[in-house]
Amino acid sequence: MSKAAELAALIGSQTALSNRNFIINGAMQVAQRGTSTTSITSDTYPACDRWHTQINSCGTWTASQSTTVPSGQGFTSSFKLECTTADASPAAGDYVLLNQRIEAQNLQNLAFGTSSAKAITLSFWIRSNKTGTIATEVYHHDASKHFNSNFTIDSADTWEHKKITIDGNTADIINNDNGIGFLVYWWFASGSSYNTSQSTGTWNNTNANRATTYNLADTVGNEVYVTGVQLEIGEQATPFEHRPYADELASCMRYYQTAVPSTGDVFGTRMLFGGHIVSGNNTFGTVFHIVPMRAAPTITFNNLAFNGYPTGDPTLNGYGLTNFEVYKTANANNNGSYYLFGYEANAEL
Amino acid sequence: MNITSAQYSRDAEDTKNVCVVATINGIKMHVPLDPANTEYAAILEWVAEGNTIQDAD
Numbered sequence: 001m002s003k004a005a006e007l008a009a010l011i012g013s014q015t016a017l018s019n020r021n022f023i024i025n026g027a028m029q030v031a032q033r034g035t036s037t038t039s040i041t042s043d044t045y046p047a048c049d050r051w052h053t054q055i056n057s058c059g060t061w062t063a064s065q066s067t068t069v070p071s072g073q074g075f076t077s078s079f080k081l082e083c084t085t086a087d088a089s090p091a092a093g094d095y096v097l098l099n100q101r102i103e104a105q106n107l108q109n110l111a112f113g114t115s116s117a118k119a120i121t122l123s124f125w126i127r128s129n130k131t132g133t134i135a136t137e138v139y140h141h142d143a144s145k146h147f148n149s150n151f152t153i154d155s156a157d158t159w160e161h162k163k164i165t166i167d168g169n170t171a172d173i174i175n176n177d178n179g180i181g182f183l184v185y186w187w188f189a190s191g192s193s194y195n196t197s198q199s200t201g202t203w204n205n206t207n208a209n210r211a212t213t214y215n216l217a218d219t220v221g222n223e224v225y226v227t228g229v230q231l232e233i234g235e236q237a238t239p240f241e242h243r244p245y246a247d248e249l250a251s252c253m254r255y256y257q258t259a260v261p262s263t264g265d266v267f268g269t270r271m272l273f274g275g276h277i278v279s280g281n282n283t284f285g286t287v288f289h290i291v292p293m294r295a296a297p298t299i300t301f302n303n304l305a306f307n308g309y310p311t312g313d314p315t316l317n318g319y320g321l322t323n324f325e326v327y328k329t330a331n332a333n334n335n336g337s338y339y340l341f342g343y344e345a346n347a348e349l
Numbered sequence: 001m002n003i004t005s006a007q008y009s010r011d012a013e014d015t016k017n018v019c020v021v022a023t024i025n026g027i028k029m030h031v032p033l034d035p036a037n038t039e040y041a042a043i044l045e046w047v048a049e050g051n052t053i054q055d056a057d
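Line by line, the protein sequences give chains A and B.
Going by this note's numbering, the letters in the first sequence line up with residues 1 to 349, in that order.
Going by this note's numbering, the letters in the second sequence line up with residues 1 to 57, in that order.
Keep in mind that the hints were calculated from the coordinates and are not lab data.
Just so it is clear, CB atoms sit at the ideal spot from N, CA and C, and this is done for glycine as well.
Accuracy of the hints is not assured; some may be wrong.
Coverage of chain A stretches by chain B, computed from C-beta distances (three or more under 8 Å per stretch; other residues unrestricted) [to be verified]:
(1) 223-236
(2) 296-309
(3) 312-320
Please construct the entire structure, taking both the sequences and the accompanying hints into account.
Dropping the structure here:
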């Protein structure tokens with residue numbers, strides 16, 4: 001049997017041969033915000049696109065896009081989370097989470113809320129210096145239901161491939177919209193508010209239903225690496241579907257885009273307007289997003305440079321999924337004016 | 001999200017509010033009035049808790 005036939009047989013009739021993965025940037029290739037963030041103590045997107053850390057009073061962390069990867073699997077990057085200040089005894093409400101939020105309309109082929117609801121399988125590569133049992137969770141946002149599962153890090157500092165199957169949910173639909181459908185969580189530390197009862201492996205409304213007290217925060221230097229994350233229809237984990245970088249980048253840009261000058265390219269990537277200006281008159285500029293965004297994005301301006309304009313951000317004059325318009329009121333009369341800005345456009349879930 | 005300030009911003013013709021200029025987690029952000037926007041949804045929750053978005057200047 002050819003490899004293609006083997007793959008087709010493995011997948012069966014449950015899902016597609018391509019575009020199987022509901023996870024975006026599962027191979028951790030894209031890092032538009034930068035490859036590392038230090039001193040993390042709260043919620044943020046610290047490194048690889050779409051990958052969100054949630055930390056509540058549970059140590060201090062550095063997150064990075066790492067080149068440590070499982071051998072022979074074709075990966076070039078992983079997401080690394082390292083403890084830099086420990087918390088050996090998390091309080092009840094404390095936690096350290098890694099998650100990805102999946103847009104609801106991308107999950108409609110799961111047929112949740114119908115008798116045809118499909119099972120899904122989460123697979124991923126993980127490595128940590130700390131062995132033990134870790135909780136994962138798929139959270140059905142519209143139904144406020146959790147499906148909790150545990151897996152074990154068996155050997156320290158060794159890449160392991162984990163596979164977890166999640167039942168279809170026949171009771172609760174996923175709204176067909178651009179909001180959150182699923183949150184896929186890894187619980188690297190948690191307090192008693194979140195781990196006091198036994199995981200049942202069913203869709204349930206109990207937010208404490210994770211049967212592990214694994215605490216990656218207990219020692220400085222603890223670290224975890226994750227890559228090759230795939231969530232797909234069916235009860236089997238198929239080989240990771242490697243995607244071209246450009247495809248993955250475009251998928252990420254639906255949620256986040258930026259035009260920030262990088263070293264050596266200071267004036268090359270900022271937006272520009274200017275020319276002849278009259279004091280008191282407005283100058284307008286329009287920025288078109290490279291990829292239409294999920295929702296009208298939050299704009300953060302940076303790296304401002306100007307001549308003939310006052311200090312401060314431009315003013316947002318309009319926006320949509322494909323562009324935003326700004327204006328700035330001049331405070332001088334001259335021909336050589338300019339106003340430059342970088343920006344971040346954030347439409348994360 | 002830690003929202004510490006929020007103020008409406010109007011269009012150039014001063015005809016309507018366009019966005020909320022908010023300080024969230026210590027960062028100044030221009031947040032569109034789109035309920036699907038995560039930061040705007042958080043601002044609406046913040047208002048529901050008794051806080052106020054200041055009128056535009």
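Now the hints, each set against the structure:
1. 223-236: violated (count 0)
2. 296-309: Since 6 is at least three, the answer is holds.
3. 312-320: Coverage by chain B holds for the stretch 312-320 of chain A (6 residues, Cβ < 8 Å).
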